[in-house]
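J.: Given chain A, work out where chains B, C and D should sit, using these hints.
Residues per chain, in single letters:
Number of protein chains: 4
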Amino acid sequence: MFVEEIATHNSAESCWLIIDGKVYDLTDFLDEHPGGKKIILKHAGTDATAEFDKFHPRDTLNFLAPECCIGEVEDPENLPQTEEEEVVDDSTEEERVAEEARLDRIAHKPDLSKIINLYDFEAVARTTMDPNGFAYYSSGTEDEITLRENHNAFKRVYFNPRVLVDVTDVDQTTTMLGSPAATPLYISATAMGKIGHEDGELALARAAGTTGIIQMVPNLGLFGFDEIVDAAQPDQPLWFQLYVNRNKEIVKRIVRAAETRGVKALFVTVDAPHVGKREKDMRSKFLAGRSDSDDNGNHGDGDKKTSALIDTALTWKDVAWFRSITSMKIVLKGIQTVQDAVLAVQHHADGIVISNHGGRQLETVRAPIEVLADVNAYFKQHPEILAGKQFEMFIDGGVRRGSDVLKAICLGARGVGLGRALLYAMAGYGQEGVEKAVAILKDEIVMCMRLLGVTSLNQLDESYVDLAALKGGRGSSGGALFDNVYEPMGVVKFKARL
Amino acid sequence: MFVEEIATHNSAESCWLIIDGKVYDLTDFLDEHPGGKKIILKHAGTDATAEFDKFHPRDTLNFLAPECCIGEVEDPENLPQTEEEEVVDDSTEEERVAEEARLDRIAHKPDLSKIINLYDFEAVARTTMDPNGFAYYSSGTEDEITLRENHNAFKRVYFNPRVLVDVTDVDQTTTMLGSPAATPLYISATAMGKIGHEDGELALARAAGTTGIIQMVPNLGLFGFDEIVDAAQPDQPLWFQLYVNRNKEIVKRIVRAAETRGVKALFVTVDAPHVGKREKDMRSKFLAGRSDSDDNGNHGDGDKKTSALIDTALTWKDVAWFRSITSMKIVLKGIQTVQDAVLAVQHHADGIVISNHGGRQLETVRAPIEVLADVNAYFKQHPEILAGKQFEMFIDGGVRRGSDVLKAICLGARGVGLGRALLYAMAGYGQEGVEKAVAILKDEIVMCMRLLGVTSLNQLDESYVDLAALKGGRGSSGGALFDNVYEPMGVVKFKARL
Amino acid sequence: MFVEEIATHNSAESCWLIIDGKVYDLTDFLDEHPGGKKIILKHAGTDATAEFDKFHPRDTLNFLAPECCIGEVEDPENLPQTEEEEVVDDSTEEERVAEEARLDRIAHKPDLSKIINLYDFEAVARTTMDPNGFAYYSSGTEDEITLRENHNAFKRVYFNPRVLVDVTDVDQTTTMLGSPAATPLYISATAMGKIGHEDGELALARAAGTTGIIQMVPNLGLFGFDEIVDAAQPDQPLWFQLYVNRNKEIVKRIVRAAETRGVKALFVTVDAPHVGKREKDMRSKFLAGRSDSDDNGNHGDGDKKTSALIDTALTWKDVAWFRSITSMKIVLKGIQTVQDAVLAVQHHADGIVISNHGGRQLETVRAPIEVLADVNAYFKQHPEILAGKQFEMFIDGGVRRGSDVLKAICLGARGVGLGRALLYAMAGYGQEGVEKAVAILKDEIVMCMRLLGVTSLNQLDESYVDLAALKGGRGSSGGALFDNVYEPMGVVKFKARL
Amino acid sequence: MFVEEIATHNSAESCWLIIDGKVYDLTDFLDEHPGGKKIILKHAGTDATAEFDKFHPRDTLNFLAPECCIGEVEDPENLPQTEEEEVVDDSTEEERVAEEARLDRIAHKPDLSKIINLYDFEAVARTTMDPNGFAYYSSGTEDEITLRENHNAFKRVYFNPRVLVDVTDVDQTTTMLGSPAATPLYISATAMGKIGHEDGELALARAAGTTGIIQMVPNLGLFGFDEIVDAAQPDQPLWFQLYVNRNKEIVKRIVRAAETRGVKALFVTVDAPHVGKREKDMRSKFLAGRSDSDDNGNHGDGDKKTSALIDTALTWKDVAWFRSITSMKIVLKGIQTVQDAVLAVQHHADGIVISNHGGRQLETVRAPIEVLADVNAYFKQHPEILAGKQFEMFIDGGVRRGSDVLKAICLGARGVGLGRALLYAMAGYGQEGVEKAVAILKDEIVMCMRLLGVTSLNQLDESYVDLAALKGGRGSSGGALFDNVYEPMGVVKFKARL
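Residue numbers (UniProt numbering), protein chains in the order written: chain A, 1 to 498; chain B, 1 to 498; chain C, 1 to 498; chain D, 1 to 498.
Bound-form chain A, shown alone (with noise of 0.2 Å):
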């Protein structure tokens, strides 16, 4: 295909465009993109590599269709030389003074020795990463009252701590669905790590192989799956966070790739059919060029606002299908529900993630650990559910504490993943800071289980915590710290004087 004659499917009714040399016919994906059909068109009939690359990882191309790529550009030297967009600062007095400061403090950002809990890594996050960066890593849906909650709903957790116990020799190691970690502790999948630190995914992979911890390798990382998996030490073991497809060829393609590279399991995200609404984010100008949010507006047509990227039709069934394509681990992630837990367990799979994906779906949904008291105490209620099978639970959503690590651990869970609050290490201090967390958590596990009278995970279970205050006041308590650190939500806002 020819350069002129790309040119022309510049439009909705059909359009192409060209990404590292390839020919892409997007018209019928254009609903299904995740960043709207704005963006795209804007690039329709050109060379769109540059702008493709600022936010997706070459291997995104994957999801798409095969069909969709019909051919390769034929003379390349024809491509008009991408002129540097110029860079017009549209940004007013308030944001020019505001970067001013946010320069100002990453120039005096805190020595990574005098960070001493995972909330000064968010503190300095906050105030140093860009502002769109840090709205995109920090939102919720709607008033973001699950995902305080999240966090609230630990501290309403009281330890029930033994005493006159040999605590001598504390061993904090464990195995998660087989694989040896460190901590009962895992990386959880967040999309985006490079705009918080140009390490990204990679910073974490190492820092999971240098602190002897697991990762869970996003699906929508702006670093490739194989790099990261490159990055990561031979042997260290990896697990794959899966968004399913409404194609099941490409799901396929893509878990046999996971399983080929030595991933461990597969964790199926469950509760994203639709996107939430995280409002903060939405506010924020990161993805200005590639929201529709201010187009005149398909509002009410909400049904539209899924994706190809996304199957909506996935149900109980498709566990027996991922069964079928492969012999990783099967772990359903985002259950919140005991029902659904029963029904897991039913559908043979091998462990459930209880999450509500960090706030960030549906608003007024419960803690993951309330919902996890709840869950054991029927588990325990209905030993048959279990009888005979090794079935792991784990938690992620609001963990900042080793104290909640270990809370966790008391009301059944296996392990419990970590998100948000690495990305905060990360994007201030890379690599070194992903790890210092992680040692500021196995050090405060250590304490509190010497402190609990235990020396072994395995000692742990509901005796240990006292829940009179978890269910009741929602809402109001929490811990000093996480409000301190907690960006408050704002309104629209006024036009800018000039």
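Don't take every hint at face value.
Each computed DSS-like pair below joins lysine-lysine, with the alpha-carbon atoms no more than 27 Å apart [stated by the list, open to error]:
#1 B:K471 x C:K471
#2 B:K194 x B:K42
#3 A:K114 x D:K380
#4 C:K38 x D:K109
#5 C:K109 x B:K38
#6 D:K38 x A:K109
#7 A:K54 x A:K38
#8 C:K493 x D:K54
#9 D:K495 x A:K109
#10 A:K38 x B:K109
#11 C:K194 x B:K493
#12 B:K38 x C:K114
#13 C:K389 x C:K493
#14 C:K114 x B:K42
#15 D:K252 x D:K264
#16 A:K248 x A:K264
#17 C:K38 x C:K54
#18 D:K495 x A:K114
#19 C:K471 x D:K380
#20 D:K114 x C:K495
#21 C:K37 x C:K471
#22 C:K495 x D:K194
#23 B:K317 x B:K389
#24 A:K495 x B:K471
#25 D:K329 x A:K114
#26 D:K114 x C:K493
#27 A:K54 x A:K22
#28 D:K380 x D:K329
#29 C:K22 x C:K252
#30 A:K42 x A:K54
#31 A:K194 x D:K493
#32 A:K471 x B:K471
#33 C:K471 x B:K493
#34 C:K493 x D:K37
Simulated from the structure, these hints should not be mistaken for lab results.
T.: Positioned in the frame of chain A, the structure of chains B, C and D alone reads:
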């Protein structure tokens, strides 16, 4: 009658007014005027048409007993030329500065495209509306505890979302009282729409038409009933809200007029035998000229503070009487207990609105969502009560999110009314604002249904909500954004320093 | 006795004072003086009439044992001309600025017509009263947790309003202890009315007369008992509050005097065998000259801190003794448990006031409305206790709204006392202020009764209130306006910089 | 040994120090030093006497294994004259301003006579103490949730006061573990008293003597054990708190020394096998020179963070061992569950202290008053456990009011310990401050007993308290003044701008 004679009836002993060329004897009506007798007496014996039109649609005169109209002016040429009342600017320096700031905010009002939730509309209305108008709209009774509780209670209802359900096709349409609706929302009747926007109730009617939702036409709008009906599309379903006049002939006339214009259902207001104490409104100057609050005061004679416009003697037996005069559906608006919900069924009402009048009547009553939960549980425990009956329940008060709507549906509501929230949208952006507000809610509802794992409203029931936190800690929690845009109560102001 | 001789009795060993020409030997009384011995000793051996009159009505002298009065001054002409004590202004710059601002606020005090609720009165009093006087009125014991809880607990009682009841004619009159009352309110006894307004208790008595409510005449007013009775209308029902003196003869004299003047009921204070620790008051300078708090201090000898004025040995058997000396109704003021309520019935009291002395005595006791709910439930469960008895229950503390009053009636109270709330009204506006306050409450009560669907007080019972939130989250919620006008607690101040 | 030789042992491989003329080989002790090895290595090979004395009493050396002392300096004349270390003022401008303000506050410190409650002492200490010292005293573990909860829980216990009881003579004396006490308070053991006031633990001992209360002598004071005992009056009852050294011979020596000096009871600390994470303290510079926190860090090796000073292998069987070496009463300090309270009885302890170490050890454990309520209820339900036993329960943590003390007595405590509260009194005003604090508490206790209607402590039981609000809303409520003087948590600081 001649102008000269009319002019002599200018006192409380005999009080005549000219409106639109007709002469009314309002002597007996003085004590019943909702706006107080002072303002009527100010115009006694003269042509009050211009002043009347500021605060009433012409058809308000239908509420008067027919015998009040005692004749016509036979010599209109002798009416004194109404002199433009010389406006004395008696505002303080502080008020002038505030007004300038308000005009500046209006000039910098955010584009409608930037509005992403209903709190944004409130934030805009709060800071750009005339303060007295906003006080009228926003005020609740006494300490506004119930006003805030109405919303906050929704935030204490948590969801139990289900996963791995095919949610590709989600349908939020429904029928309410036999009429189709694009979503289980309706515009609740509110007075004085015109003070927020010149199109007032007409804008609401038009937006209801374009978005496919039902409007409950208010009894006390600043546009006349016929004007509002004319603004609706020919087949657009409408409901009618009624304050029951002490004079049953007037009621009959009004009800039959509504039925004639095709109104589908009559919502009889039952929670207003006395006007609530809305203190923000009392403090504002809005009703300055119309209020008796700075009289030397008949305080302690509270029993005088009712009006012929509202029959304090309305009782359960009147439900049958309404049935005898109309074939419209009959719904009782303002039920707040299980007992009265049961009585409504027993008296053959077609439905009820569980409502506390938006927190404007009795202080410290429970939020509608909480009362609904009780009523729903009671009906489930006593299925014989509703057996074989068509009976629909609605709630209004504090609704700001699609999730609020669905929580009500889970607990047995057929639909949910919005009042203030849409007035705020209208105040800032007219019909378009209301359309945008409805579109936002529809989007939120679709998202919320997908993330709950349902595809139609009738799949929702109590199992989708967790009520553990609903009762208990009333008063504290609440949505961040709701608190963010709430105008705190104030106390009496000291005199201005000159 | 001659001036020269008297002057020699000027020490703690022998301490005489001249008041109004009579000589008193106060040597034994020094330790029992509520205002401390220091102020007495300052005037020992001299004519203290002027100083005495500042803080006591003349009939306070009746509380002294008769033998204290040891004679008359025989040579009054030799009394030194009391020199105007030279007032040294030792106020700091900060205090002078504050005082000027206060005087400016007094000059701009809102017109009475602008006052719309009882919080307004408090807001005015708080900022215009002498700070020391306001500290005396407003202070509660220790952290003022109970003081605030008294009011906040009302706000955790929710109403269950009924509709479609004929509420045209609403009647809030009642009888209390056999006397008619225009509304179920009474003015509770409070000390030191004169420091808020020069008319003090007289203003209260007059306002009670004009508004038809009952006044409980205080034992420690700054006007004498007879003066107050004289200010009342001839047929105006009065009650009398009594601190029980250790000397029973004095008690008998006082009680019989009250009965002679037609007082209907005697309220025996039972919750004050020790004075509460009112820290705002302690910090204020009000008692500066009268307080021993900056003595070198007998701290730890707390058992000395009682007074002949209050008999610490008062017990249940004394109820029969009171019955033996008077035919007035006998009510025990300050009951705080179910057990003591039952004992009161068993000891044939005519009634009780469930009260914690306005939060001025023991800290962290429960609000009267909560204790009332318990007592009422207990009596309902054990109907035999009250069978065939006339027994009336009252509560006081934290009442600010008509709805507060009705909640108490729902829970079995016959009437409700107001103390501080009316003092604040009086402080700002004298008798008229009190009348306005009562009028506001009456208006609120009528509104509230109509909106509850009742027409007389005896229709109210427990079914009209929801108590689910009453117990539990104590301390947080509360009325917006109450918090708005609350003066927060402070800690010790550092010395002024000169 | 000669100075020249000693000087060569100046590394982690071989580390000798001279203290008071003796030579110690601390090579094996380096990792066990609570203050970190860095500070020891800094002085390795030299005379560290001056530095040692800043942070330890001389008898700290008793905690070392005897074989550490390897000889004496034979040529002290060759010791280099310790040059005054040149103090480099490296404080920032911000710090200098803060320090000047602090010195100004010290100059204007309130007179002791103005102090009316224990919060006042905290307010003074907080703003006049060296910030690092205050951080050491005031800090709790992690988010300080438990630290605050300790106090706040008291405020959720409400009283049920009884009336008409003869309370003329009130007696607050008691015995604790057989020793008489003027009031049911004791001074709990706290470390580092000298950093608040130069008299440190001696001031506490003297004030205990004058006020008739018992002092628990700390194991880690900055004065030596004998010095403290010498400061006490001859017959003054003393207790001794013990951190159990890994070397049982050392323990035996210390315990017997205490018994020899007449100590009545041994309080064995059981809640400190690992040091809590006190973040305010970590952030302060107090331990700057002594802390390893800014090392390049062996984080994740938390199991190294214990010390020979505290035996992590201490178990229940050791209770019998203590019994075998001493005839003092044996009390276990730091019990936090019903189970361990029962075990304590079964292992024949004479008592327990229900304590969470003032919120300094494990975060999110319950307040002692709440645990006490559970233990007390359990013992009441199982009377056989304590039948025929002498077993006394104590609590400490968060006590600030006489009412707090009495609430504990109601729930079965024999006495109540105060730690920080008295340190704050001492920091501002030395021995006199402590005496005043005790006097205030005694006054509050007398008042509170009178107003509860009791005359001796043994009349108090569960019927005097209402626990409905104790469990539940943890975290929010709390005393106004406690929150008022609380120093909020901070996060990491950015670098200073030069």
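J.: Determine for every hint whether it applies to the structure shown.
T.: Status of each hint after checking the structure:
1. Restraint check for B:K471 and C:K471: satisfied, since their Cα atoms lie roughly 11 Å apart, inside the 27 Å limit.
2. About 24 Å separates the Cα atoms of B:K194 and B:K42, which keeps this hinted pair within 27 Å; it holds.
3. At most 27 Å may separate the alpha-carbon atoms for a hinted pair to count; A:K114 and D:K380 exceed this at roughly 50 Å.
4. Taking the CA atoms of C:K38 and D:K109, the gap is about 26 Å. The hint holds against a cut of 27 Å.
5. Our distance criterion of 27 Å between C-alpha atoms is met by C:K109 and B:K38, whose separation comes to about 26 Å.
6. With a C-alpha separation of about 26 Å, the suggested pairing of D:K38 with A:K109 holds against the 27 Å cut-off.
7. The suggested pairing of A:K54 with A:K38 holds, with an alpha-carbon distance near 16 Å, which does not exceed 27 Å.
8. Our distance criterion of 27 Å between C-alpha atoms is broken by C:K493 and D:K54, whose separation comes to about 33 Å.
9. Of the pairs offered as hints, the one joining D:K495 and A:K109 holds, with about 6 Å between alpha carbons and a cut-off of 27 Å not exceeded.
10. The hinted pair formed by A:K38 and B:K109 meets the criterion: a straight-line CA distance of about 26 Å does not exceed 27 Å.
11. For the given pair, C:K194 sits about 26 Å from B:K493 by alpha-carbon distance, which is consistent with the 27 Å threshold.
12. For the given pair, B:K38 sits about 17 Å from C:K114 by alpha-carbon distance, which is consistent with the 27 Å threshold.
13. Taking the CA atoms of C:K389 and C:K493, the gap is about 54 Å. The hint is violated against a cut of 27 Å.
14. Pair hint C:K114 plus B:K42 holds up; C-alpha atoms about 22 Å apart against a cutoff of 27 Å.
15. Between D:K252 and D:K264 the CA atoms are separated by roughly 16 Å; this keeps the pair inside 27 Å, and the hint holds.
16. Under the criterion of a C-alpha separation no larger than 27 Å, the hint pairing A:K248 with A:K264 is consistent with the structure, at around 21 Å.
17. For the hint linking C:K38 to C:K54, the alpha-carbon distance of about 16 Å falls within 27 Å, and the restraint holds.
18. The straight-line distance between the Cα atoms of D:K495 and A:K114 is roughly 10 Å, inside the 27 Å bound, and the hint therefore holds.
19. As the CA atoms of C:K471 and D:K380 are separated by approximately 25 Å, the hinted pair is consistent with the 27 Å bound.
20. Between D:K114 and C:K495 the CA atoms are separated by roughly 10 Å; this keeps the pair inside 27 Å, and the hint holds.
21. The hinted pair formed by C:K37 and C:K471 fails the criterion: a straight-line CA distance of about 44 Å is larger than 27 Å.
22. Restraint check for C:K495 and D:K194: the C-alpha separation of about 26 Å stays at or below 27 Å, so the hint holds.
23. Taking the CA atoms of B:K317 and B:K389, the gap is near 20 Å; set against the 27 Å cutoff, the hint holds.
24. Of the pairs offered as hints, the one joining A:K495 and B:K471 is violated, with about 41 Å between alpha carbons and a cut-off of 27 Å exceeded.
25. At most 27 Å may separate the alpha-carbon atoms for a hinted pair to count; D:K329 and A:K114 exceed this at roughly 45 Å.
26. At roughly 8 Å between alpha-carbon atoms, D:K114 and C:K493 fall within 27 Å of each other, so this suggested pair holds.
27. Distance restraint check for A:K54 and A:K22: the Cα-Cα separation of roughly 18 Å lies within the 27 Å cut-off, and the hinted pair is therefore satisfied.
28. With a CA separation close to 24 Å, the supplied pair D:K380 and D:K329 stays within the 27 Å bound.
29. As the CA atoms of C:K22 and C:K252 are separated by approximately 23 Å, the hinted pair is consistent with the 27 Å bound.
30. In summary, the hint linking A:K42 to A:K54 is supported, as the alpha carbons are separated by about 15 Å, within the 27 Å threshold.
31. Distance check on the hinted pair: A:K194 and D:K493 sit about 26 Å apart at the alpha-carbon level, within 27 Å; holds.
32. Of the supplied pair hints, the one linking A:K471 and B:K471 holds, its CA atoms being roughly 12 Å apart against a limit of 27 Å.
33. Restraint check: the Cα-Cα separation between C:K471 and B:K493 comes to about 35 Å, which exceeds 27 Å; the hinted pair is violated.
34. Between C:K493 and D:K37 the CA atoms are separated by roughly 43 Å; this puts the pair beyond 27 Å, and the hint is violated.
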